Each structure stands twice: as structure tokens, then as C-alpha cells.
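Participant: One-letter residues, chain by chain:
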Amino acid sequence: MLYMILALVLPLVGGLLAFASGNKKAPIVALAGMVPGFIVSVMLLNAAFNQRIIARWEWLPGYELGWQIDHISAILICLVYFISLLVHLFSATYLKGDLGIGRFYAKLGFFTTSMLGLLAADHLLLLFVFWELVGFSSFLLIGFWFKDQKKAKAAREAFMINRVADAGLLIGVILMVIQFDQPFISELGGVEHSFLLSLAGFGLLIGALGKSAQFPFFGWLPKAMAGPTPVSALIHAATMVAAGVYLLIRVQPVLTPVVLTTTAVIGALTAFMAAVAAITQFDIKKVLAFSTISQLGYMVMGIGVGAAEASFFHLWTHAFFKAGLFLGAGAVIHYLHQVNHEDHSFDAQDMRLMGGLKKHLPITFIAFLLCGLSLSGLPLFSGFLSKEGILTGTWLWAAERSTEYGWWVYAVSDLGFITALLTPVYVGRQVWMVFFGQARTKMTPVDQSEPLFNFKIPLILLSLGAIWVFHAVNPLDAHGWYFGKRLFGELETIQSSIPTYTLIFSIALAIAGLAISIISFGPKNKRTQEANLLNAPKSVVGKVSFNSWYMEQFYDGLSSGYLKIAGFIQVIDKRVIDRLVDGVGVVTVVSSKVLAIIDREIIDGLVNLVAWISSAVGGILTGLQSGKVQNQLVWLLIFLITIVIWFQF
Amino acid sequence: MSAIPLTYYLILSAFLLCSGLLMVLIKKNAIFVLLGIELMLNAANLNLVAFSKFNPNLDGQIFAIFSVVVAAAEAAIALAILLNIYKSFNSSDLDDLNTMEY
Amino acid sequence: MEIAISNILFAFFSAMVVLPIIYMLITSNIIRAAFALVISLLGLAAIYVLLNAELMAVVQILIYAGGIIVLLLFGIMLTRRISEEGVTTEHRNLLLSGVIACLLMGALTWFILESSLQWTGDPVAIDQVERIGISFMTDYLLGFELIAFILLVALVGASYLAKRSGNI
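Top line first, the protein sequences correspond to chains A, B and C. Numbering of the first sequence is given in my numbering, commencing with residue 213 and proceeding in unit increments. Numbering of the second sequence is given in my numbering, commencing with residue 1021 and proceeding in unit increments. Numbering of the third sequence is given in my numbering, commencing with residue 216 and proceeding in unit increments.
Since the hints were derived computationally from the structure, they do not count as laboratory data. Here the structure is a predicted model, which means the values were calculated and not measured. The C-beta atom is built at its ideal place from N, Cα and C for all residues, glycine as well. Be a bit skeptical, because a hint or two may be false.
To be verified - Just the calculated beta-carbon pair ranges, DEER-fashion:
{"no.": "1", "chain 1": "B", "residue 1": "1104", "chain 2": "C", "residue 2": "349", "range": "35 to 45 angstroms"}
{"no.": "2", "chain 1": "C", "residue 1": "337", "chain 2": "A", "residue 2": "404", "range": "45 to 55 angstroms"}
{"no.": "3", "chain 1": "A", "residue 1": "855", "chain 2": "B", "residue 2": "1064", "range": "13 to 23 angstroms"}
Construct the complete structure from the given sequences, taking the supplied hints into account.
Facilitator: Laid out in C-alpha cells, this is it:
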């Protein structure tokens, strides 16, 4: 109990003290909060493995709130602490000299505390509160350089997309608490399946999809790359985006089959779409962002097919190697900034301007390579183990369900395998473009390009985490995780040849993917040599990929025929709106004057149209599209009144 | 004195609320929106005071006074924000503040 | 006879509240609207007197009709150049918002009438101000301190936000 309070509060205290102690001492003070916090979290892990820690108190008469730390949350708390600690270390150098570094540490501490609170919360309402806090603190961190208009805007957009999805979560939480009387996460289950339960499940699912950047919400994660790179490593690779997966693992007992199937399909679709999008990006961080989305898609798919333990394992291994990749990218960006200090128009994140960096950043290169191989799922690395488990689970699920649902369930597992082929392609492309070949811009040796303590230690620790021995003894056994049995109990042995096939397939696919990446992006290839002259791809497939399936444009929706999709949606919008207004009966008045007013309303509030299609599609766009607060308020009230009337009569 | 039924006061308060809401929704100027919000707060106050008329603890009036203070703080902050917005956008029309729009 | 008088008073003051508000909704001149709000708030203060809440009435006049309105007028004058024809504003979304407001009004009225709430018990005694003061210093001490603190913070924050340099 004491451990829990300490573990939850220490990062925030450290951050606030760091803020108060001024820019120079901030990193040291913040670390003084984090290091004991990490130690406490290890003790907490030990305590939670012995006995679940539960704390409840009466909030209102007859109404309890509660905290709970069991194996799953204890292990994740440890993970968050570990990565957060390394990120604290790394940022001390990365942001050296930035005027806002004290503020940065305060925000970082705030984020860590809210994330820990999210993991420790037992009551769904508490979970929701911390969920929002996590979203808000991530908004603060993304917008850390808020004086840059573009970055501030990116932060706002990322936040708004999250808010839309959070509305879904709120619906789910309210339904669970009020309708089913199941407010405690640790006691979920035993509810009879019904339409309302599916609805609550979909609400929770939408919330998780938003936080984990799944289709159709994944546009926010690439935008979130506007934040400092260490932040991307912490929030957008290891912790916050994993919150959605964590929530799904937790609420799995109450998800109905239809919700689970939807989860699996969306996860597979996202994994595939994001992997395709990652192949053509030029921004070093955006490649990583899309690969994160793709890997999260795997986890979500794993939960959908009932392989939650494999998903959780993947969450664990992914946190290490993806944080390693992001910190590696951070080291690269930092180096390029140092080298090209005087050139202000220089874009230090553009891979077209890199190349040949392995000479200058040897440790970063090795760490990046190890983590990248782990991400591409080569045997002997941690990523292989966990991905293997998910793919096996998906195939088994597809084989089981194909009789019931029809052939299309195989599409889910096939998308998983195609993604497994695509992953090494973009990882390879990135490694080739950044570290091999000729330098395509000025590269000079700099003292301290990789400071020992602050850069090398995090990179080395995280790349060690990419190797299999730290997770399981047998490099080919997907279920051999050290913690696996403690968390999920003994698994039943599978009487099928599918695991063996999966094993062979995924090794073959990973090697094939690497081969493709060497052939098409290797240093000998002409295209790579002239990479700095490259423009955005011209072909249809390339365009779709480069613009990440036009997701951002899809959000933007309004643009004036600049995109065909946007125009198409607009046409649908008008139809839908017209019909809706008809249905409501507002248009029934005949006089042309009234029609003219409605016309003006429609044209004036094009935003409304998009808001409507969004509610038709699934409430994607409402918060984003409209800059006009009052229009949004109008629709909000319409829904409110509808709900009140619905419940009253 | 108690001849006027409670419901009359409540309906008056409902009218205040709805007109405040309408003002928030239809006026383009941010100051009008603030006026509307003040009206809505007043509606709440009227309800509280009306309900507390026969309450020996006077809880309702105390809450109403609290809410008046909060309203004063809210008005001060909102106007300060409005001044800043006016400085950077040179307008206090809500339509001009739509930086989220494309 | 007394009943009739209080009914007449209530009707008069309600009209004093309602009519300026309707004017506010129609007009597009902000300054006129602000002064209409003053009248309406004064009417509301009179309604509070009818409700035996004298302290509340005084507070209403002091803070709303005095403080907040002055603040609003300052806001109007600082954000509008009076010399220009800038003190007017436009309407939007009239139809939908009107429907919403009417619906809400109808629903609320229906609920209120349906619930047929009644006053019970006897009116509160006359020494209200004293008793409110006592409860502020006893039962509600924490809230009282907190609200004072919030007001202070809000005012300091407001003056900081509004300072001329505008460089936050």
C-alpha cells in the first residue's frame, strides 16, 4: 500500500521539484525522483506477485472507488518506470540548453504519474479519469515547442482525435457502471450477453482504438511526432499507446463475440495499412510511428482472436525495442542538429539527407540494428517470440471460425502474415538509408556525439531487451516467456501442426522481407544513391502509402476538391444531411424562404455536414472539423435532448 | 406571502436558462456569449434560492453566494482571455477564432 | 388582499426580468444588451426579496449589477472601437438553436409542472443574514476559505493574462 502510493507519486514530485529548481539542475532533480521510484516499483512487483494489492474507499455513501495492482499492472508499472527512467536520462542531453527543460521534466513527471495511475486504477471511472490525464499530458508534451505554430497545431489535432475516441470510452464506462453494475476491473465478467453489452463493448473498443492509434484513428500518431524525440519514445512507442491494448486485455471478459471479431478485423487492417504506409515515408520518426501503429495492430488483433497472453507479451517486448529505435532516431537527429547547427532550414529528420552514419554513431547503429531486427521478427530476437504467438493464435482462430463465419476470417490471418513480410522491408529500408552508403549531407566528427552516460546506457539497455534470452530460454517457443505462466496461468497445449507452419512461414517471410529491402533500397541500388533527389512517389500505390491512406486528408475532409476522396465524402455528406434534416422534419415547411435559411445553414456549416458523416461512420470527425464552437454546441444539445427525451418516454 | 407557488419561480428560472442557452448559440460575438453564460448561472442561483426559502439551514442561499463568487471569477478570467484573443486575432467574433478548421 | 399584492409584484418583477432578456436576444447592439442585462438582474434581485432572501438580493445588486456588468462593459469597450460601427453583431444558426431552446424550455416546463413541487414547512425566520454569516464561519469555513482563495487566484491570473505585453 505504501509502496503503491510512493510509486504513483514520486515521478510527479520529482518533476515538480525539477521545475522549481531551475533549468540547470532540472535533469538531476527529476532523476532523483525517478530512481527511487523505479526501486519502489520493483519492490511493488515483488509484493504484487505474492499477493494482489487492493485498496478501496467509500467515495460517496454506498459508492466505492478503488485501486488494484495485480501481476499485469505491476509488471507494466515496472516497464513504464524503466522506460521513463531511460528517457529522463536521454533527454538530459537531448534537450540540453533548451530554455524549457524544467517545464519539460515537470510535464514528463506528470505524464508518468498519470500513466501509472491508469495502470493502478481498479474502478472504471478512475481509469477514465487517468485516461484523460494521460491524453492531456501527452498533449502538453507533443506541444512542448508550442511557439512553433505547426507543432502546436499538431498537438491540438492529436488531442482532438483522442477526445473523439474518448467519447466512445465514456459511453462504454457509463454503460458498464450503471447498466451492468460492474464498476471494478478486477471483478468484470459474468454478464449475460446482450445487445447493450455489445454496445458497451464497442464503446470501450472505440476508446482503446483511439488511444492505441488504430484504424480509423491512426492519423494522430504521426502528427504526435512533432514532440521531442525522447517523448515519442516514451509516449508513442512504449506506454501511452499501449494503454488501449491494456484496456482491451482488462475488459476482455465482458467483450461479446461480435466485438471481439471486430477487434480482430480492425487490428489486422491497421497492421497492414500502417505497414504499407511506413514503406514510403522520408521522415525518420514517421517510419517509426507507422511501425508502432502496425505493431499495435498486431496486439489488438491478438486480443480479438483470444491470444491475449501473446498480445501482452508483444506489448512487453515491443516497448523495449521500439523505445530503443526511437532513442536511436533521437541520437541521429541530435547528431545532425549538432553538425548542421548553422543551417536553420535543415531538416534533421529527413532520411534523404542521411546516410553513412554508422561511422559516426557506432553504438547507435548497433542498438538501432538490434532493435530493428527484433522489430522485423527475425529468430533469436524478442520480437520474433511475441509476434509468433500472435500469428499462431490468429491462424488457430481463423481455422476454428472459418466453418462458422466463412472463408473471410482467413483474410485476418493473411493480413497478419503480409504485414510480417512488409515489416522487415521498411525496417531494412530505414537502416540502409540512415546508416549505410554515402553521406548525402555534411557529416563531420563531433566530440561527444554519443555521450556515454546519457545516450549509450539507455541505448545499450534497450537493445539488450531486444534479444531473446532476456525474455525466454527457447528462442523459437512463443509461449516460453518467463512471466507468462505467472500472468496467465498454464496454457493448454495445442494439438495442431499450425504452430510449426507459422514458425516456418514467419522466418521465411522475415528473411524474404530483408532480402527485398536489400534489393530495392540497399547501398548498391541506384535509387538509394540518389535518394536525396527523391520526391514523393508518383504511382497510385506509392501515393496511398506516402499519404498514409489519406487518413489525415480524410480527417481534413473539407479541403476544396484538393482530393478526390474528400470531394466524394462531401457529396455523401450533402445527401446524408439532406435526408436527415428531412427526417427530422425541419425541411417540411414549404416556403422558399425557410428553404433558403436551411440552405444557408448547410453552406454556412459545412462543418456540420462532416460532423454528420462522422457520426454515420463512427463519430470520427466531430471534434476536428469544426472550428466553430457554437455549431458543435448545437449538435451536442440536439443529442442531449434526444437522449433525455428517449429516456423519459 | 407563500401564495406564489414554487413552480412559478422554477419556470422563470427555466426561461433564464433557455434564453441564456439561446444567446450562447446564436450570437457571433464572444461578449454576448459571456452574457448568455451569466444568465444561465443566474438561473441556477434562482433555483437554489427558491428551494432554500423554507430550509432552516439556508444551505441553498449559501451555495448561491458561492456560485456568485465563482461567476465573478469566471467573468474576470474570461474577459482577460478575450482581451488576449482580441490582441492576437484583432476580433472578438467566435467565427474568426477557428484555427482548428481547415 | 395581501395575496393579490404579492402576485402583482411577482408578475411585475418577472416582466422586468423577462422583457429585457427578450430584447437582448433580438438586438445586435452589444452595449444595449449589456444595459438590458442590468435591468434584468435588478429585477432578479427584487425576485430574491420576494423569496425572503435579502442578503442574496444585495449580493446580486452589488456583484452582478455592479461588478460583473462594469467588467463586461470594459470588455466591450476594450475589444471594440466605438467610433466604428463595430458594436453590433450577427446571428447564426437561428432556426436550429431556436428549436433547441424551445424544446428545452418545453421539456423543463413540462417536468416542473408534472412534478408539482410544493413548498413545505414554514418560511425561514427573519435573521437570515446573521445565520448565513455564522454558517460561513462554522459549517462552511473550508469552502469559504477556498472560494476566497479561488477568487484571489482568478483575479491575479486575470490581471496577468490581460497585461499589455501579452507575452505569456
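Participant: Next step is simple, just say for each hint if it's right about the structure.
Facilitator: Comparing the hints with the structure gives:
1. 1104(B) to 349(C): 35 to 45 angstroms: holds (42 angstroms)
2. 337(C) to 404(A): 45 to 55 angstroms: Since the Cβ atoms of residue 337(C) and residue 404(A) sit about 52 angstroms apart, the hinted range of 45 to 55 angstroms holds.
3. 855(A) to 1064(B): 13 to 23 angstroms: holds (21 angstroms)
Checked against the numbered hints above, the structure violates none of them.
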